[in-house]
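Asks: Could you build all of it, start to finish, from the sequences and the hints given here?
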Amino acid sequence: MTRVRTGILLVIVLGSCAPLALVQDHQHVATQAADIIDGAKTPDLIPDSAAWRLWLIAVTAEDSSKPERATRRQHAFLRMAGVVEDDMVIADFILANFKNDYASLINSYNNSMGGMPAKELRAKRDSLVQATQTSLLGALAPLSVKNLRNHITREKASMKVAREVQ
Amino acid sequence: MRLLGYLLQTTLILGQLAVAQMSPEYSSYATFTVDASQPQGPATVYGTVVVDGTTTCQACSQYYHYGQAYLALGGVGGYVTGSHVSPTSYISVSNAKTATVALNTNLSVVAQGRVWCSGIATYLYNTLLPFNTARIAESDYISLGYYPVSGLCNWGPVCQGSCTGDYGFSTNPNPSGTCYTPPQRYRQCLDLVTNESCFLSRAICFGQPSQGICS
Chain S
1 MTRVRTGILL VIVLGSCAPL ALVQDHQHVA TQAADIIDGA KTPDLIPDSA AWRLWLIAVT
61 AEDSSKPERA TRRQHAFLRM AGVVEDDMVI ADFILANFKN DYASLINSYN NSMGGMPAKE
121 LRAKRDSLVQ ATQTSLLGAL APLSVKNLRN HITREKASMK VAREVQ
Chain F
1 MRLLGYLLQT TLILGQLAVA QMSPEYSSYA TFTVDASQPQ GPATVYGTVV VDGTTTCQAC
61 SQYYHYGQAY LALGGVGGYV TGSHVSPTSY ISVSNAKTAT VALNTNLSVV AQGRVWCSGI
121 ATYLYNTLLP FNTARIAESD YISLGYYPVS GLCNWGPVCQ GSCTGDYGFS TNPNPSGTCY
181 TPPQRYRQCL DLVTNESCFL SRAICFGQPS QGICS
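Those protein sequence lines, which keep their order, are chains S and F. Note that my numbering has the first sequence beginning at 1, numbered continuously upward. Note that my numbering has the second sequence beginning at 1, numbered continuously upward.
Hints are supplied without guarantee of correctness; some may be wrong.
Cut-off 25 Å, straight-line C-alpha distance, at most; resulting in silico cross-link-like pairs (DMTMM-like, lysine to aspartate or glutamate) [claimed, not checked]: (1) S:119 <-> S:92; (2) S:99 <-> F:35; (3) S:66 <-> F:35; (4) S:119 <-> S:35; (5) S:124 <-> S:85; (6) S:66 <-> F:196; (7) S:124 <-> S:164; (8) S:41 <-> F:35; (9) S:119 <-> S:38; (10) S:119 <-> S:68.
Please keep in mind that the hints were generated in silico from the structure rather than gathered at the bench.
Replies: Listed below in structure tokens is the structure:
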């Protein structure tokens, strides 16, 4: 019992000296289940901004093996979301802008090599998603808007979203 | 002696560690739909998997992360792998796949998002998304004039295993006052069913001369 206590004490003492070590490694802690909101279980806990972001990324993704189907693919996802045929052209335009702006934002952040704080990235990212959401909901027909809102709420069941540090 | 050995071992282990606070924040999503613009014959199913997020970390600059989105439809597919980037870089990887599937045939689905970390030589984030199968199933049919209620289109019976939520509901006719495309007398719909549960009701609809429900 005494040895165990001594061992615990040594670990505490040596642990406090660890930052002085010459050879450094880092401790990673894999994402724990508690850090993830599972939309299949608690969809209400998934923020709308995260749900819209993931949906926007998914609906604008292209199958690189079938580039000729890019528009048909996007329209198929929009139809599933209840967007009516007359709204397809304006939706395409707004989604194309989102795709470009999102890629640019990520590139800017990654190329800044720490120059842009993560908090600022999150704010800009969420602002872009909000602006895209506002554009879509403002430009589409009322039936499309109603259907799209309901669709993205339902889609939360297929999402697993990190609880982000603010 | 045993205590001395324990002390040395502990020193070596701790001597190689520096405390690094790291918070991985990744999200993932999978979704599917069907191409309703080609209603006859085998259906085209589109699927997408997304992994998106970043890690906040200090003292991590010598390591790298990369994201992977995995999607296989009917056993065909694989990973889309992002670039090796700094652990604090933002990762957004998507994998879009296309498959054709015959009516009432189950298509196996595997969807996964994960992020590799060279610092621990394993996946920092690894999650399977909740899809196992996808199927195009016969569903409602519609027939104005056969089951009229207040001039609305009335949906007929639902096939076993399909979406059942809309059964018995009525919808407005199209602007020409019909519920189908003349000269067809019926409008048949198909559902997208995933994991044997309704995913998308009336995903594909088309007119036809006779009632073809639940073949």
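Asks: Run through the hints listed earlier and report the numbers of any the structure violates, in increasing order.
Replies: 1, 5, 6, 8 and 10
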